[in-house]
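Peer 1: With these hints in hand, go ahead and build the complete structure from the sequences.
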Amino acid sequence: MADREVTLSIFRFDPEKDKEGRFVDYKVPTVEGGMVVLDAVRYVQEKIDTTLAIRWNCKAARCGSCSAEINNRPALMCKTRIDTLGDRITVAPMRAFPVIRDLVTDVDENYRIMSKIPKFTVRKELMNPEAEGKKHQDVWRIQQINVERAKEFKKCIECFLCQDVCHVVREHKSGYFGPPRHIVKAASLDMHPLDIVNRAKFLNEEGGLGYCNITKCCQEVCPEHIHITDNAIIPEKERAVDLQYDPLMHAIKRRLMKKRGETVA
Amino acid sequence: MPGLFAAGEVACGLHGGANRLGGNSLADILVFGKRSGEAAAKYASDKKIAEIEDSEVQEEINRVLSYLKPGGVNPYLLVDELTETMSNKVGIVRNGPDLESALQKILELKEEYKKVSVPGGRKYNHGLFTALELGNMLIAAEAIVRSAIMRTESRGAHTRKDYPKKDRNWLKNIILWKEGDTMKMDTVPVPEMPEELKKLVKPEVYQ
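Listed in order, the protein sequences are those of chains A and B. Here the first sequence stands for residues 0 to 264, numbered as in numbering that gives the first Met the number 0. Here the second sequence stands for residues 0 to 206, numbered as in numbering that gives the first Met the number 0.
What the hints contain is simulated information worked out from the structure, not anything from laboratory work. Keep in mind that a hint or two might mislead.
[Unchecked claim] Some chain A residues close to chain B (C-beta under 7 Å, calculated; not the full set):
# : residue
1 : Glu45
2 : Ile47
3 : Thr49
4 : Thr50
5 : Pro97
6 : Arg100
All residues carry an ideal CB built from backbone N, CA and C; glycine is no exception.
Peer 2: If you want it as structure tokens, here you go:
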């Protein structure tokens, strides 16, 4: 049942052939109900132009592959319903990353940055608790509240929409890690009660944590509704201030960390 | 085939038989995945990697690239037709005439597949993937339909309206192989259930 027709304006660009990209209009019949932008884009790919390049996998907002800018707003194509949009829909690739072709972008940089984040590290005793006469499950047990804190960050599907929307990543090219994904990752490790590395100084000095001026755009576009700014970036900023700028907290924090055997990355 | 190790449903559904539930195959993967993994590691430890002829590689590259030319049949349309045929005629409850007409349709699509080609280049060309996949889809669909026609009984997930009963004579597996351009098929008997297992289940399970 084709109820109405929408015009899909899709960004077409092949860096090997074209000097610059252009928007091409396609007419797509829509179906009442759950039709999403990805369905419409796939209609174009299947019925109108098979050379259209898109990246998608699960169509269930789980794989984080189909990130794009729909009506200039970063969103997952598979999670944006056609009936929430007007008769004219623009679909563009994520503009913070280099385009491979059409709607497909090269997000490799994100993985390079991610590999720089200091790994999950625990005290040596935890790796071999039997040597101290302790049971493995006893030393590794953590409280539910800590589990839940990390659980929110682990929901990340690495769609990189937060990186895309971030004006610091887009405008400054400052070496800022980009908030979202990478600070979320670092925060999830920092907030783990068994982890003994403090990543705040590292994030501040190498990741450009201070560039974030808390506009909360990343939080707004996150398809998993992770409170990126509130729960990851702001706590990390506070940690950085405690560790590096506040003389009183500096003294307390350092002493506490020494007691706990924590190190600064 | 020497050097090929398999686990789970592709290894012929060892304990699930014709009843293929997700939970069953998960148990299958865990047990037989471990066994085949260990066996494969042992097998590989004293074998050298097989040599591949450059000409064979080039042949495969040529085959893949042969789909890249404008003006052919759109593979997506054939996928749609195949999907529709399989959904409507080879669904949960099957019957002879529908299966026969599905087979006819698949053979027609196979002919049509020879005309498939897609425009564009090698980079992120989903049309090219679909053209390549479609060939495999057609083989799988043909195998399914031929086996379903051959098995004149209802067993497990295979239900035929014209043969609604389980048949003792059909305690066998269907095997298919390629001979030239055609698909050959035969049956092999399945081993009788051991006595100690027979004690544990109802007689209708192994009859």
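Peer 1: Each hint: holds or not?
Peer 2: Hint-by-hint comparison with the structure:
{"no.": "1", "hint": "Glu45", "verdict": "holds, 4 Å"}
{"no.": "2", "hint": "Ile47", "verdict": "violated, 10 Å"}
{"no.": "3", "hint": "Thr49", "verdict": "holds, 3 Å"}
{"no.": "4", "hint": "Thr50", "verdict": "holds, 4 Å"}
{"no.": "5", "hint": "Pro97", "verdict": "violated, 14 Å"}
{"no.": "6", "hint": "Arg100", "verdict": "holds, 5 Å"}
Hint violations for this structure: numbers 2 and 5, all remaining hints satisfied.
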